[in-house]
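First to last, the sequence lines map onto chains A and B.
Numbered continuously in my numbering, the first sequence closes out at residue 246.
Numbered continuously in my numbering, the second sequence closes out at residue 246.
Simulated from the structure, these hints should not be mistaken for laboratory data.
Be a bit skeptical, because a hint or two may be false.
Each pair may be met inside one copy or between any two copies, as identical chains are not told apart.
Stated by the list, open to error - Mimicking BS3-like on lysine-lysine, the simulated pairs with C-alpha atoms at most 25 Å apart in a straight line are: (1) 93 to 188; (2) 141 to 65; (3) 114 to 236; (4) 200 to 111; (5) 141 to 114; (6) 78 to 214; (7) 78 to 111; (8) 196 to 79; (9) 141 to 236; (10) 78 to 190; (11) 65 to 200; (12) 93 to 141; (13) 79 to 236; (14) 65 to 111; (15) 95 to 114; (16) 214 to 166; (17) 236 to 200; (18) 170 to 214; (19) 170 to 236; (20) 170 to 196.
Number of protein chains: 2
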Amino acid sequence: MKVNVGVSNRHVHLKKQDLDILFGTDLTIKNKINQPGQFACNEVVTIKTEKSEINNVRVLGPTRNYTQIEISKTDAYKLGINPPVRSSGCLENSEVVTIIGPKGSIKTNGCIIADRHLHITNEDKIKYNVPDKINVKISGIKSGIIEVNVKASKEAYFEVHLDTDDANAFLLKNGDEVEILDV
Amino acid sequence: MKVNVGVSNRHVHLKKQDLDILFGTDLTIKNKINQPGQFACNEVVTIKTEKSEINNVRVLGPTRNYTQIEISKTDAYKLGINPPVRSSGCLENSEVVTIIGPKGSIKTNGCIIADRHLHITNEDKIKYNVPDKINVKISGIKSGIIEVNVKASKEAYFEVHLDTDDANAFLLKNGDEVEILDV
């Protein structure tokens, strides 16, 4: 089974209280992304640690009931922190960073390296008998097979989400096609 | 068969003429690296393109008969260039960058993304019947299998060289152990 890749650059999800502190305004839509109801915002923040900082980190909307900062291992080295690899929303023992917006700043936990995951509807997961972990084959001059978690939900756009380290290691770009070996 | 990983950060090899222009001195040893006769130098340069620059790029010695700049795909995006994935010394259609040293600067081709490769002696390659390409299994929370070229030479320290994108995608550090599946 073939599937397209969505490459996730570092980004931030905000809860309403943190949005109010950082921006004091509602989020505004820059462009919709493939996952239903999700969008990239015009709003960007700075992620700061004792060691370093990264500017122009995009906020993804809408607001959630938790604040989460998703970065790559490459970013983590730059920032001097060691975030765990996690699924969205699993923030136990996540790293603490300072988020700086135009109106204010917060120091919060919630910094993770997102796991590699496949978005699929609950219906399609059953229909195509997709297991909870899949092996995804990547062709090309830097080829290989990576293990990917399956994240089924009621509404989902079928795609594999990889961070920029995975994408760059395999020379993948947004929209590239890869193969699910197990289905 | 198990093998340790050597993680290659961005670095530069210089030919004697370019060393003279950039530094006007001989290379000095900071520390020896695992491959016989090779060493990290105290000397560092800046790599510059029209779009951006990267400072503190380490020179590896001794001098070679070609100048070669090895960067990651992540670096390539920052610099706005598209270097090919190549074995050391294969510089046809490599990218052009400016190298800036304390004494002078040069604009040169030779910028590549190094291929994933296994260093092994000619003798061991035959003894263990190692093919020209191998599959290397990486365990852990971000696991997978990557294709790696085999680079046999008269003298070699047995290790797999990966760049920082590969290492960070699989959460590998220098000296970590991985498994060669084909041997």
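Okay, the hints, checked on the actual structure:
{"no.": "1", "hint": "93 to 188", "verdict": "neither (31 Å within a copy, 54 Å between copies)"}
{"no.": "2", "hint": "141 to 65", "verdict": "neither (34 Å within a copy, 30 Å between copies)"}
{"no.": "3", "hint": "114 to 236", "verdict": "between (30 Å within a copy, 20 Å between copies)"}
{"no.": "4", "hint": "200 to 111", "verdict": "neither (36 Å within a copy, 35 Å between copies)"}
{"no.": "5", "hint": "141 to 114", "verdict": "both (8 Å within a copy, 21 Å between copies)"}
{"no.": "6", "hint": "78 to 214", "verdict": "within (22 Å within a copy, 51 Å between copies)"}
{"no.": "7", "hint": "78 to 111", "verdict": "within (18 Å within a copy, 40 Å between copies)"}
{"no.": "8", "hint": "196 to 79", "verdict": "neither (33 Å within a copy, 52 Å between copies)"}
{"no.": "9", "hint": "141 to 236", "verdict": "both (23 Å within a copy, 15 Å between copies)"}
{"no.": "10", "hint": "78 to 190", "verdict": "neither (34 Å within a copy, 60 Å between copies)"}
{"no.": "11", "hint": "65 to 200", "verdict": "both (10 Å within a copy, 23 Å between copies)"}
{"no.": "12", "hint": "93 to 141", "verdict": "between (27 Å within a copy, 23 Å between copies)"}
{"no.": "13", "hint": "79 to 236", "verdict": "neither (32 Å within a copy, 38 Å between copies)"}
{"no.": "14", "hint": "65 to 111", "verdict": "neither (38 Å within a copy, 39 Å between copies)"}
{"no.": "15", "hint": "95 to 114", "verdict": "neither (33 Å within a copy, 28 Å between copies)"}
{"no.": "16", "hint": "214 to 166", "verdict": "neither (35 Å within a copy, 55 Å between copies)"}
{"no.": "17", "hint": "236 to 200", "verdict": "both (15 Å within a copy, 24 Å between copies)"}
{"no.": "18", "hint": "170 to 214", "verdict": "neither (29 Å within a copy, 48 Å between copies)"}
{"no.": "19", "hint": "170 to 236", "verdict": "neither (33 Å within a copy, 29 Å between copies)"}
{"no.": "20", "hint": "170 to 196", "verdict": "neither (34 Å within a copy, 48 Å between copies)"}
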